[in-house]
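Chains A and B supply the protein sequences, listed in that same order.
Per this note's numbering, the very first residue in the first sequence carries number 1; after that it's consecutive.
Per this note's numbering, the very first residue in the second sequence carries number 317; after that it's consecutive.
Calculated from the structure, these hints are not laboratory results.
Certain hints may be false.
Going by beta-carbon spacing under 10 Å, a handful of chain A positions derived as facing chain B [to be verified]:
1. V60
2. H96
3. R108
No residue lacks a Cβ here, since even glycine has one placed at the ideal position from N, Cα and C.
Given next are the chains, with one letter for each unit.
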Amino acid sequence: MPTAPEPPPVVLIEGLTKRLRGVLAVDGLDLTVERGQVVGLAGPNGAGKSVTLKILLGLVRPTSGRVELFGEPARPGAPALARVGALVDGPGFVPHLSGRVNLRLACRLAHLGDAELERAVANARLGPAIDRQYRTYSHGMRYRLGLAQALLGQPELLILDEPTTGLDPAHIREIRHAIADAAAAGATVLFSSHVLREVEQVCTHAVVMQQGRLVGAGRVEDLVHMTDTVRLETDRPDDAAEVLRATDGITSVLVDDGAVEAQGPALRPGDLLLKLDAAGLAVQGFRRGRSLEEAYLELVGETAAESGPPEASPGP
Amino acid sequence: MIWVEFKKQWRRPRTVITFAALAVFSVVLTVAISATGSGTVERVGDVPLLIVPGTSGLSVPVIALSSTMKFFLPLAVAIFAGESVAGEAGWGSLRYALARPVSRAAYLATKLFVALVLSLVAIVLIPVAAVVAGTVAFGWHHLVIVNGAASTATHQVVANFSPGLVLGYLGVATAYVAAGMMSIFAFSFLLSTLTTRPFVAVAGGVSLTIVSRVFNSDYLPGVAVLNPYMPNNDVDLWQNFFVRPAVTSGMAHFLVLQVVYVVVFLGAAWIWFVRKDILT
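Please put together the full structure from these sequences, using the hints given.
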């Protein structure tokens with residue numbers, strides 16, 4: 001009896017290289033996104049995140065390497081793009097037409113009916129402003145419309161490039177909810193972000209890029225060492241570190257910024273707390289794992305994170 | 317896709333303003349002629365054709381087409397072709413238009429078709445509006461044209477055209493002018509695929525018109541060798557229809573020249589655009 005063939009990964013990138021104006025924007029990247037994953041792409045400016053997403057969308061041609069969407073080669077006009085929704089480099093619409101007409105045109109191009117249009121209009125949550133010219137929209141309203149367009153036709157893969165740039169906290173929250181909703185409805189999501197807290201909150205997986213290369217990838221839990229690291233806050237961090245170093249099952253102890261980070265494969269947080277209490281040390285804060293930001297900074301190095309080369313894609 | 321493209325373009329302020337300006341031009345021309353004295357002799361073209369506009373409304377389209385074909389119409393055509401792809405890039409919607417299961421070639425063909433239709437409408441609008449405005453102002457009469465080159469102080473070479481014949485000539489002349497705009501159109505369209513700033517593509521098309529003018533043998537006899545290859549200089553040859561006997565020499569050469577320019581510019585646009593990295 002033949003076994004059902006394994007479905008291809010939603011995104012498959014192998015040895016991807018892209019040279020832009022003499023600079024290697026993407027340099028030997030390997031990346032796989034499986035169905036149902038929510039993958040956050042993090043990295044400093046110029047890491048090649050945006051170019052990678054544009055290659056997936058068929059907007060940019062790779063210099064070399066293998067890039068597949070749903071098992072088909074990603075290229076300009078690839079049929080698989082019908083299954084992809086995108087919001088890259090901010091929303092882009094016809095300024096003299098209303099939000100509704102813009103969405104209608106998008107529906108028409110995608111051969112979607114009025115029901116889908118009404119769903120998109122509801123998704124955009126612009127109220128009566130949906131019938132106003134797009135040029136009159138605020139930054140946040142434009143992003144709402146952009147997201148509604150990306151979600152048009154319930155795509156199986158959602159590609160979002162910096163979907164929260166310049167948005168206020170309420171709008172960022174909306175975008176986060178939209179990503180979570182799409183994921184709950186079965187969509188695979190790949191998005192890039194500078195804001196690591198977002199990646200941590202929303203994603204199942206994270207990928208860290210730097211200078212066109214992958215420097216870290218995996219489940220968010222693993223990246224932040226959820227299972228083998230604890231972080232403690234106490235008013236006497238050096239004394240606490242002393243106690244922890246003498247504890248079995250702990251392989252390394254760091255004092256950082258007034259907090260103590262202990263790592264070890266057989267770490268038992270409850271025991272640690274009892275031990276510190278017995279030593280007369282009051283623990284004011286306790287967290288399992290590191291923050292993704294700490295993990296990220298370790299991966300890319302603090303200086304690179306602050307001043308990477310300029311973003312490969314030109315500004316507006 | 318074509319319907320969607322028309323929907324994007326036809327209510328654009330730029331489209332509306334360009335069409336309105338072209339239509340208003342003929343009306344303003346008519347009003348100006350009436351105001352300054354419809355009995356004044358107008359000199360049209362290099363022949364020159366001497367026309368007394370007040371004698372027939374059909375003089376207005378001849379004057380209007382003559383006075384717009386060397387700058388106003390190239391500008392209108394450069395706007396529609398130059399805005400086409402670059403305008404979309406400027407809006408930021410080009411990446412969304414292309415991140416779909418549609419080939420670059422099909423997208424470019426759609427853009428080209430719609431820009432071409434808008435350009436042709438702009439070109440046709442001038443003589444149509446002028447015929448209407450002229451007829452309302454000066455009536456539907458035979459058009460009398462004096463051949464300024466063949467006439468002397470004592471002997472005038474006069475030709476008399478029936479309204480039907482004038483309309484027929486105007487139809488062919490408009491088609492000829494439209495064909496003569498195609499090099500400018502194709503050049504602006506090429507620039508439109510190269511830049512994300514529509515202004516650059518429009519200015520480029522206008523510049524080509526100006527370059528064509530500069531290398532006109534009337535101004536620079538020394539570079540007359542280039543004159544037959546300039547993309548816009550011979551767009552006025554239709555005026556020789558109104559000479560008796562009608563002269564058509566040079567027109568075929570000019571039309572072939574347009575085909576060559578169009579093939580080169582549009583070919584370059586296509587080769588470039590299907591390979592282009594869309595980074596904005």
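Each hint, compared with the structure:
1. V60: Since the shortest Cβ distance to chain B is 4 Å, the answer is holds.
2. H96: With Cβ-Cβ at 6 Å, under 10 Å, it holds.
3. R108: Interface hint status for A/R108: holds (6 Å vs cutoff 10 Å).
Hint compliance for this structure: every hint is met.
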